[in-house]
Amino acid sequence: DAKTTQPPSMDCAEGRAANLPCNHSTISGNEYVYWYRQIHSQGPQYIIHGLKNNETNEMASLIITEDRKSSTLILPHATLRDTAVYYCIVRVDHFGNEKLTFGTGTRLTIIP
Amino acid sequence: DARVTQTPRHKVTEMGQEVTMRCQPILGHNTVFWYRQTMMQGLELLAYFRNRAPLDDSGMPKDRFSAEMPDATLATLKIQPSEPRDSAVYFCASGHRGGGSTDTQYFGPGTRLTVL
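Heads up: the sequence lines are chains C and R, in that order.
For the first sequence, the residue numbers in my numbering are 1 to 112.
For the second sequence, the residue numbers in my numbering are 1001 to 1116.
Chain R with its partners taken away, still in its complex shape (with noise of 0.2 Å):
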């Protein structure tokens, strides 16, 4: 049963250090979501990746915030500095696009960062 897996899956840490968070999406889906939810803004979307180049990422934070692929099993998820307000579970999502396949997201578990 293939699944999007994230780490770590709990992060605690002080303001100021820098995050970073690991996502490996489905082998073979092309397509990579990043998402943050807060109890506030509820679930919302920072930033996507297609075949590793970033094709959205008007929700994310340009000044702290940085999202990257290095290679088509890893997407990561830096925050740098952290910050209080960062607190949130964020997740990742993958998919697949092209060939008429439909447009479906499986979500990861999650990682659920607390900055101090």
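Looking at chain C on its own, in the form it has when it is part of the complex (with noise of 0.2 Å):
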């Protein structure tokens, strides 16, 4: 799987647009890129994830750059309870490899 990179942390205003970055340059064809977060002391939560088109739910988006180098997860409302360390993952999609390999990922604290 290929490895990802993201900020240690981020600050984000409450009611503003969270965006986290993740690096992901040696990606390949078949790699998808999946979000999780985790709030303090929870198990981790699945957010989104997606190929090459950038991905839309009820929770975030995914925009994915052309070249699949990086993506951007946006919360498009931050609330205090979205305060979290957010993980990045790119990892095939393959039946029989379902392992998740967690990074430091990014903590986000939301500011009231």
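No wet-lab data here; the hints were simulated from the structure.
Mixed in with the good hints there might be a few duds.
Stretch by stretch, here's where chain R covers chain C in the computed footprint (C-beta under 8 Å, at least three residues) [stated by the list, open to error]:
1. 43-56
2. 101-109
DMTMM-like cross-link-like pairs, simulated, lysine to aspartate or glutamate; straight-line CA separation at most 20 Å [what the hints assert, rightly or not]:
3. R:Lys-1078 to R:Glu-1014
4. C:Lys-99 to R:Glu-1044
5. R:Lys-1078 to R:Asp-1056
6. C:Lys-3 to C:Asp-67
7. C:Lys-99 to R:Asp-1103
8. R:Lys-1062 to R:Glu-1044
9. R:Lys-1011 to R:Asp-1001
10. R:Lys-1062 to R:Asp-1086
11. C:Lys-69 to C:Glu-31
12. C:Lys-52 to C:Glu-66
13. C:Lys-99 to R:Glu-1068
14. C:Lys-99 to R:Glu-1014
15. C:Lys-52 to R:Asp-1103
16. C:Lys-99 to C:Glu-31
17. C:Lys-3 to R:Glu-1044
18. C:Lys-52 to C:Asp-67
19. C:Lys-99 to R:Asp-1056
20. C:Lys-3 to C:Asp-93
Pair by pair, the computed Cβ-Cβ distance ranges are [said to hold, decoys possible]:
21. C:Asp-11 to R:Thr-1076: 36 to 46 Å
22. R:Arg-1022 to C:Ser-25: 37 to 47 Å
23. R:Gln-1080 to C:Thr-72: 40 to 50 Å
24. C:Thr-104 to R:Ser-1087: 13 to 23 Å
Quick reminder that beta carbons are idealized off the backbone N, C-alpha and C, glycines included.
With the hints as a guide, bring both chains together as one complex.
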């Protein structure tokens, strides 16, 4: 699985859009970008994933650059409950290879 | 709202004792994962099962750890004998693979283990 690089921490004002970047310059054509988050003392929570097209769900939007070497997770209207560590994971969605390799993630703090 | 449940939520034990952690995956999920989280190592996969059969346990110390699925509604992770370095939060996650389903893992609340 390709390596990812994320900033260790970010702040965002409550009500504003939080944009979390992730670099994955060695990503290969069949690797997906997944985002999970972990709120303090809880288990990780799936947010969204994508291959090459931008994706949106009820939680967030995922923007993947055309060359697929980086992506941005967007939380459109951040609330205090969005304070968490956000993990960007790149992996092949291969049956029999469901292992998630978590890095150190980005600690996002939402400021009131 | 279907959730993964784990018991116990907290466990304090002494070195050398046996520890058993239990997980109830979401009903209908056919894949179960065990992860461990420490400050030093972060989140790491220990083992996972599909349809109750082990698929990958390469992350698990074989001499003292064992993972099983006695039935589709119960997964267990056992440590015998426990050591202070096993102190961590152990997460269980479940998912469903097959029929074109996406690879999403749903995590439980974790078991916080302290070995004195």
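Inset, instruction - Any hints from earlier that this structure breaks? Give me their numbers in increasing order, please. - result: Of the numbered hints, 9 and 14 do not hold.
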